[in-house]
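Student: Could you put the whole structure together from the sequences, leaning on the hints where they help?
Number 248 in the working numbering belongs to position 248 of the sequence shown; there are no gaps in the numbering.
What the hints contain is simulated information worked out from the structure, not anything from laboratory work. In this text, all values refer to a predicted model and were calculated from it rather than measured experimentally. Take these hints with a grain of salt, some might be off.
Pairwise CB distance ranges, derived in the manner of DEER restraints [stated by the list, open to error]: (1) Leu148 <-> Arg28: 32 to 38 Å; (2) Asp205 <-> Pro39: 16 to 22 Å; (3) Ala254 <-> Glu116: 31 to 37 Å; (4) Pro182 <-> Glu152: 29 to 35 Å; (5) Lys331 <-> Tyr195: 35 to 41 Å; (6) Ser47 <-> Thr89: 21 to 27 Å.
Note that CB positions come from ideal geometry on N, CA and C, so glycine has one too.
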Amino acid sequence: DQAFVTLATDDVYYQGALVLGQSLRNHRTSRRLAVLITPEVSSGMRSLLRSVFDEVIEVGALDSADSLHLALVQRPELGVTFTKLHCWTLTHYSKCVFMDADTLVLCNVDELFDREEFSAAPDSGWPDCFNSGVFVFRPSLKTYNLLLQFAEEHGSFDGGDQGLLNSFFSNWATTDIDKHLPFVYNLSSSAVYTYVPAFNHFGRDAKVVHFLGSTKPWNYKYNLQTRKVMQDGTTSGSLHQLSFLALWWNIYSASILPLLEKTQKVEESENENNQMTVFSLFFPQSEVTYAVSELSINLKPEEPSAEDERRKWEEGRMDYMGKDAFEHIKKKLDAFL
1 DQAFVTLATD DVYYQGALVL GQSLRNHRTS RRLAVLITPE VSSGMRSLLR SVFDEVIEVG
61 ALDSADSLHL ALVQRPELGV TFTKLHCWTL THYSKCVFMD ADTLVLCNVD ELFDREEFSA
121 APDSGWPDCF NSGVFVFRPS LKTYNLLLQF AEEHGSFDGG DQGLLNSFFS NWATTDIDKH
181 LPFVYNLSSS AVYTYVPAFN HFGRDAKVVH FLGSTKPWNY KYNLQTRKVM QDGTTSGSLH
241 QLSFLALWWN IYSASILPLL EKTQKVEESE NENNQMTVFS LFFPQSEVTY AVSELSINLK
301 PEEPSAEDER RKWEEGRMDY MGKDAFEHIK KKLDAFL
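Tutor: And the structure:
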């Protein structure tokens, strides 16, 4: 009666949910796997999700409608993350662990169920707040209704679920240290750059990696022969960041891609005149490249604004694999010198 729960709000994040679910399977979790989906997730995606998850549950989308606060964090798409609150309605489970679809488990983490509500790891940007990408909770309609009431009366200081949950569970920072999950249960991939000596010392114990930011693992390219991850044709970036991305792509290529191919064969056998491939069926707004040497899901990440870029630098969250790569910085300096 316990489960890992995640959320897929569209046909993009479902890919992360599949890899997350498969990573939990690979590490032999004894708990059930449940995924919440919104009506926007296509029937093809639902079929794939059912092959990995024990439960695929459709819920209605909740939006904070808080455009002012969302504008402050330059992430207007976070409004739909209020849909995450539906996880408290899963009352057929006594306890659950919620994990965002852009997380990846690196080992068995069933011990999280020994923790109580509301257990979460500190946020790397403001450690007195928790990051809502991984948390332990007890489903309860009472809590669900209180959360909705709180959201209506107080809103969210960041416009998303993290601000709301931190305000609702406001004593997390000071009351019970046992509800503070170690950072290794929600390791921000960008935090690797912030405190390299700490990562070098503690990183070997990492249990869950969280791919924060607008650029997700599925925005990269993966070379099947070299097993290296690339962005814009380069492999620049932190070796640790690249290794985490490679782990994600290893699971995708080994376990998720065969599911796509299997579904394609079924579609072709049912209708020999069907000229559409599994990729055009399942990725209506994207293009998948699958060659002998390269695999990519050509989904363009959202372009961050100048303000967002400045804020990321101030927080120490540089994109060393992308715009902030050394070669790009060098070109900029050469242009001025």
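Student: Determine for every hint whether it applies to the structure shown.
Tutor: To see whether the hints hold, each was checked on the structure:
1. Leu148 <-> Arg28: 32 to 38 Å: For Arg28 against Leu148, whose Cβ atoms are near 36 Å apart, the range 32 to 38 Å holds.
2. Asp205 <-> Pro39: 16 to 22 Å: Given about 40 Å between the Cβ atoms, the range is violated.
3. Ala254 <-> Glu116: 31 to 37 Å: Taking Cβ atoms as reference, Ala254 and Glu116 lie about 35 Å apart, which means the hint holds.
4. Pro182 <-> Glu152: 29 to 35 Å: holds, 34 Å
5. Lys331 <-> Tyr195: 35 to 41 Å: violated, 28 Å
6. Ser47 <-> Thr89: 21 to 27 Å: holds, 24 Å
In this structure, the hints that do not hold are numbers 2 and 5, in rising order.
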